[in-house]
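A.B. asks: Sequence:
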Amino acid sequence: MIRLISQTISLILIISITTVLASCKSHDASNFESNTKAELKEFIDGNVGQVISVSIVDSENTYQYHLGTLRNGDSPNNHTIYEIGSLTKTYTGLVVAKAILDGKVELDKDVRRYLDNYEYQNLELSSQYITLRHLLSHTSGLPRDFAYSREDIEQGTYFEKISQYTRDDYFDDLKKVTLNSTPGETYLYSSVGTNLAGYILESVYQKPFELLVSDMIMSKSGEFGTKFRRTNFELSEVTIGSDGNGNQMPLASAYWFAGGGLTSNVESVTRYMRHQLSLEPEVAISHQLLDESWTGHGKAFYWNTYKYDSNDRMLYQSGGSMGTSSWLVIYPKKSIGIFIVTNIAAGNTQSKLETLSDKVFDHLRAYNKALKSEP
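The opening residue of the sequence shown carries number 591 in the numbering used here; numbering runs sequentially from there.
Hint data in this document are derived by calculation from the structure and do not stem from the laboratory.
One or more hints might be untrue.
[To be verified] Pairs of lysine-lysine residues, derived as DSS-like cross-links and limited to a Cα-Cα distance of at most 25 Å, are as follows:
no., residue 1, residue 2
1, 627, 924
2, 924, 897
3, 962, 924
4, 631, 699
5, 751, 766
6, 949, 962
7, 924, 949
8, 694, 810
9, 949, 959
10, 631, 923
11, 765, 699
12, 897, 949
13, 942, 627
14, 817, 751
15, 699, 923
16, 797, 765
17, 694, 751
18, 959, 923
19, 765, 751
20, 631, 694
21, 942, 924
22, 627, 897
23, 923, 897
24, 810, 765
25, 627, 699
26, 962, 810
27, 627, 959
28, 959, 897
29, 627, 694
30, 962, 923
31, 817, 797
32, 810, 797
33, 810, 923
34, 942, 962
35, 962, 631
[Claimed, not checked] Distance ranges between label pairs, derived from CB positions:
no., residue 1, residue 2, range
36, 668, 922, 30 to 36 Å
37, 694, 923, 26 to 32 Å
38, 663, 897, 26 to 32 Å
39, 809, 716, 38 to 44 Å
40, 668, 826, 16 to 22 Å
Ideal Cβ placement from N, Cα and C applies to all residues, glycine included.
Produce the complete structure using the sequences and hints provided.
C.D. replies: Here it is as structure tokens:
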């Protein structure tokens, strides 16, 4: 009798513990949305006029959240247009990958072969010429930008300088530039190099860069909101952002090119993430590791990489304009992508976006783990 009672009590305890554990797992799973929204709320911290939008792609599932209120009283949604800054570079890298696939360019050829006239003897140092590999990994030795200097930023003349800078100005400066380092040796972030990649693509295809992006990416990804907006009417659609002091900032994307000229919305970048997680051959090429600067960290086609040789492979890029900051990361082996954008560009915004992205990824993993272990 005592043994029977003991067995009964043990069975009740097992059932109770199992029920509690199942309840906890279910609770963890249902908390994904609330946890993510809590992170977004903490990020904007009640700042008037600041908004944040996030899209998370996880295999066949998509999660999209928006928080905050714009200065005009509107709430952001999947169609709110933002400048995406240097996320544009990943589009440029993808078109370069397609050009390699089409036999238009080669990764390790002298880039001067693809320009209209074989000039620019200055685009080599120590007998080493610049290649597309160098442009794609920011190791070309070219400077950060031609249109402006650090002094222009400090003196508040940055926007004036970029708004007056032309294509002819670019190629005049390209003929005069002195490389900062031997190509392939030193990492130096360079929008000059990215724009050169864009001009090379125009040269080999004999088409405007904007059309190449549309034909080679948007036609496959299904993006309708991602575009170069140049006219006043088009620019009126774009969200105005602020600097770290709350000052409204002008839209710089209209004057940027392959290095940062695109604008987009959550719906379109979600489609872009799915395209980047697809089996398209140019996507696979664009994810190739081009340079590994230090252990675990490297460069792909305008992507930063982390843990490239592991199942946790991560490709990421940040985007910044004068008043907007964004973050894009994909985990190809996990079929996960995260896009975050906010209408503020302070000194620490990019690092905060990276931290936020890591937290969202952790919440997603906990959510998926709880779902898989539920009875």
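A.B. asks: Each hint: holds or not?
C.D. replies: Here is how each hint holds up against the structure:
| no. | hint | verdict |
| --- | --- | --- |
| 1 | 627 - 924 | holds (23 Å) |
| 2 | 924 - 897 | holds (13 Å) |
| 3 | 962 - 924 | holds (15 Å) |
| 4 | 631 - 699 | violated (49 Å) |
| 5 | 751 - 766 | holds (19 Å) |
| 6 | 949 - 962 | holds (20 Å) |
| 7 | 924 - 949 | holds (16 Å) |
| 8 | 694 - 810 | holds (20 Å) |
| 9 | 949 - 959 | holds (15 Å) |
| 10 | 631 - 923 | violated (30 Å) |
| 11 | 765 - 699 | holds (19 Å) |
| 12 | 897 - 949 | holds (18 Å) |
| 13 | 942 - 627 | holds (15 Å) |
| 14 | 817 - 751 | holds (23 Å) |
| 15 | 699 - 923 | violated (31 Å) |
| 16 | 797 - 765 | holds (23 Å) |
| 17 | 694 - 751 | violated (34 Å) |
| 18 | 959 - 923 | holds (17 Å) |
| 19 | 765 - 751 | holds (20 Å) |
| 20 | 631 - 694 | violated (47 Å) |
| 21 | 942 - 924 | holds (23 Å) |
| 22 | 627 - 897 | violated (28 Å) |
| 23 | 923 - 897 | holds (11 Å) |
| 24 | 810 - 765 | violated (37 Å) |
| 25 | 627 - 699 | violated (48 Å) |
| 26 | 962 - 810 | violated (32 Å) |
| 27 | 627 - 959 | holds (19 Å) |
| 28 | 959 - 897 | holds (22 Å) |
| 29 | 627 - 694 | violated (46 Å) |
| 30 | 962 - 923 | holds (18 Å) |
| 31 | 817 - 797 | holds (16 Å) |
| 32 | 810 - 797 | holds (18 Å) |
| 33 | 810 - 923 | holds (21 Å) |
| 34 | 942 - 962 | violated (30 Å) |
| 35 | 962 - 631 | violated (28 Å) |
| 36 | 668 - 922: 30 to 36 Å | violated (24 Å) |
| 37 | 694 - 923: 26 to 32 Å | holds (29 Å) |
| 38 | 663 - 897: 26 to 32 Å | violated (43 Å) |
| 39 | 809 - 716: 38 to 44 Å | holds (42 Å) |
| 40 | 668 - 826: 16 to 22 Å | holds (19 Å) |
In the structure shown, a violation is registered for the earlier hints numbered 4, 10, 15, 17, 20, 22, 24, 25, 26, 29, 34, 35, 36 and 38, in ascending order.
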